[in-house]
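**Student:** Chains as they are written, first to last, in full-length UniProt numbering: chain X, 1 to 537; chain P, 1 to 318.
Treat the hints as calculated values from the structure; they're not laboratory data. Be aware that a few hints might be false.
Stretches of chain X that chain P covers, calculated by requiring three or more beta carbons in the stretch to come under 8 Å of a beta carbon on chain P [unchecked claim]:
(1) 63-70
(2) 134-143
(3) 146-157
(4) 233-242
(5) 247-259
(6) 410-419
Residues on chain P that point at chain X, a partial pick, calculated with CB under 10 Å [said to hold, decoys possible]:
(7) P39
(8) Q84
(9) F88
Since the structure is predicted, the reported quantities are computational estimates derived from the model, not experimental observations. Even for Gly, the Cβ is constructed at its ideal location relative to N, Cα and C.
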Amino acid sequence: MRGRHNPSRRRFTTQLALGGLAAGLGLPRPVIAHPNGDHAHDPLPATNQIPGVLSIVGPWELTGLDPSRAGFMFSRMEIAETLFDAADDGSPLPGLAARWTQSADGREWLLQLRPQARFHDGSPVSAADVVHALNLARTKPGILGLVPIERIDAHQDQVRIRLKHAFTALPAALAHSSTQILAPASYDPDGVVRGVIGSGPFRLTHLQPPQRFEVERFAGWDGPPPAIERATYLAVGRGETRALMAESGQADLVFGLDPASLQRLQGHPTLQVESVVIPRTIYLKLNAGHRWLTDPRARQAISLALQRSGIAHAVLRERSLAASQLFPPTLDDWHVPALPPLHHDLAQARQLLRELGWHTDAQGMLFRSDGAQTEVFSLNLRTFPDRPELPIVATAVQEQLRQLGIRVTVSLGNSSDIPAGHRDGSLELALGARNFAVAPDPLLTLMQDFGPSGGDWGAMGWHDPALDATLDALQRTRDASARQHLRTQAAQILHQALPVIPVAWYRHSAALHPRVNSAGLDPLERSYRLSRMQWSR
Amino acid sequence: MNIQGISPVAGVLGRRGLQALLVAALVGTLSFFLMRMLPGDAAYRIAAGRYGYDLVSAAAAEAVRVELGLDQPWYLALVGWWAQLAEFDLGTSLVTGHAIADDIAHQLGHTLLLAFCAMALSLLIGPALGILAGLRPGGAIDRITLLGATVLRAFPPFVLGILLILGLSVHLGYLPAAGHGEATSVVLPALTLALGLAAGSCRIARDAFSQVVNSPYYAFGRTKGLSDRQVLLRHGLRNAAVPIVAYLGMQMVFIIEGVVILETLFAWPGIGHALIHAIFWRDVPMIQGCVLVFALLFVTLNTLVDLACLALDPRRRH
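From just these sequences and the hints, can you work out the full model?
**Tutor:** Rendered as structure tokens:
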């Protein structure tokens, strides 16, 4: 072909150059004009796919095999099961436990296991195995520490859980991945997990920590056999790489997309982007014990200074994610539509701070003179980069509070800096993204966050006995209408006192390859729903 | 044989062996102190690494503190590490609980594979183009390679990596974008690294070669009637190889810097990736293990370069 143009080579060069230029400028994927004038909506390159193996990519790394550490990854891939499962709204569904009863006083629960359930080593799942796994889970940090358990034992072929007092959120706690039931052969004599032998529809076949593992359909699964036979999970640390893996057709299901990549992928001709609002809220945790923040008016002023819809629009790319209250509408039972929405009103915020003795200087910054001493209103805000939008939201908050006259310095560190600062009292402001569905019933998260001594991720220096009483009553009350009343009451208390200041809600998204028919995203982030997916061709 | 009766090869090996021991002790100890000096409570960092941001709490951190005995005085921890090291035991990771030697063996294999492929690719590209450029300094090839090398060197490996993914993976589908476990997964990260390496070695080869070509012995080779090919093979390559090989040793720094960034970009499970996570999670024994391996790798590769130069250049043997 010497002396003639090689069209494929020219196309390659153009694409490489355009692709490169586009990436450099942060532009979307270039569309190459074909000789006939059509635009090439190229199908995803097929060469990158492995036939018959579903490839899932996410940001989460495997830091250990114990259910308390990476249990959530084995739950999502449906390798290990918990006694309870949860519906999209968080209500309990049968898991390994097919049926359950509780005594009249709510202190004794009897759980009947699925009779045909088998571990991946072929052994049947017995009540003794469940007791063994749960008693080990109790010795580790996790959700079970919140449950007033007196004793767990096997009663004939049932699991019997005896509580110190009635506890309505027990099914939610037993749906948490740290309470996974693994076969006795998974543990060494010291109770350390050496292998993950679960009872789910998929069995672990290859483990390459911290980034990769493979599963295949378990022939002994007692439910309907999944259509997907094999799948891999790969942890990819960088958001841009994850997005490129979706675009190159290499990955079938990609989680953890940053807002900019997400916007680009939404315009992609062949990839599908699925999303669902999840019960996670970005909020400002603040030290209400700090002398400037003790008065609720100071916290209200900070709340009034936030332009939530601006943050939701500019950072999360969706204005409706601006938080009008702590609980997002997806938490039907906790979201109270009647509450007056949190709003932006800088004039009112300034007025509230004037009532507290703050004045503005020539630069518009707040100061307060206390006799001989003058102090300026400056606070430190801690956040962490694990969720990529948090640092950006933090700087937006910084600027919005500057407009009110508060100097904010942003410290970008490790997620543990927030609980650490809570414990040693050094924390002033923190920005986090709290998942109210860590266990499917938000009550468990609220007990951790707003208990009598506050919570690592919740209240600091703030305590309301009325909220204690409400949360306590919720643990014990089984009557549905009384429970609804209590939830509304809790939401109202948090809305009025603002021990934490909600900023935005969350949308969970994933890019999906067209060769797969998804079963919808799980709003509780408990499962990838692998067993319900189908190949589309 | 030199004056002391020690062969030059044994001299190199002895000197470098001693250096390796010193470097290992120093680097491991230094990283221990650096980690201790960082602000923040290690128990909390480790708990965040183990349980993730949704579940990290003061209770988890306290459990970690008790389990790992983090309250013990620093000198006990350091002496403990030295004692373990003396028994060739790197200890266990504070976050994953795995034996560090096993983890590093797995990761080092991946890093070495990546580094080897990158080096091999860069040798195919860099010195070959450099020699062509050096044969005719100021010629078209010289000017094109100068431009190419400048552009490639100016791009951080991170940006170059993304451009290559966009071109070769997203648009053309020739190669997987990232990940590992498939035979072709190594190509893109290796190519990214190789282009940066080749940009350097191409210029060094060009300078070395133009010097050789303009030397009196090269001219003499020609006047005595050797053909272009003969004079290149007999007098050109070997003389130009010495600075190139020495430069390759220096490129190790570029490779190490490159793998730390590229392994994360390409989700390649190497030691650079492990080191970043270990630092973030304050996994001190893991950091010490990784840094130790890096240091020993440096010493080993420098030793190999010394030996190669000895083999190439007879003047160094006396």
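**Student:** Taking the hints in turn, state whether each one holds.
**Tutor:** Evaluated hints:
Coverage of the stretch 63-70 of chain X by chain P holds [criterion: at least 3 residues with CB-CB distance below 8 Å; count 4]. Restraint check on the stretch 134-143 of chain X versus chain P: 3 residues with Cβ-Cβ distances below 8 Å, three needed, restraint holds. Here the stretch 146-157 of chain X counts 0 residues with a CB under 8 Å from a CB of chain P, which misses the bar of 3, and the coverage is violated. Given as covered by chain P, the stretch 233-242 of chain X passes the check, having 7 residues with a CB less than 8 Å from a CB of that chain where 3 are the minimum.
Note: the stretch 247-259 of chain X has 4 residues with beta-carbon separation from chain P under 8 Å; the three-residue rule is met and the coverage holds. Using a Cβ-Cβ cut-off of 8 Å, 6 residues of the stretch 410-419 of chain X lie near chain P, which meets the minimum of three, so the contact claim holds. About 9 Å separates the beta-carbon of P39(P) from the nearest beta-carbon of chain X, less than 10 Å, and the hint is met. Look at Q84(P): its Cβ only gets to about 20 Å from chain X, farther than 10 Å, so that hint breaks.
For F88(P), the shortest C-beta to C-beta distance to chain X is roughly 23 Å, which exceeds 10 Å, and the interface hint is violated.
Hint compliance for this structure: hints 3, 8 and 9 are not met, and every other hint is.
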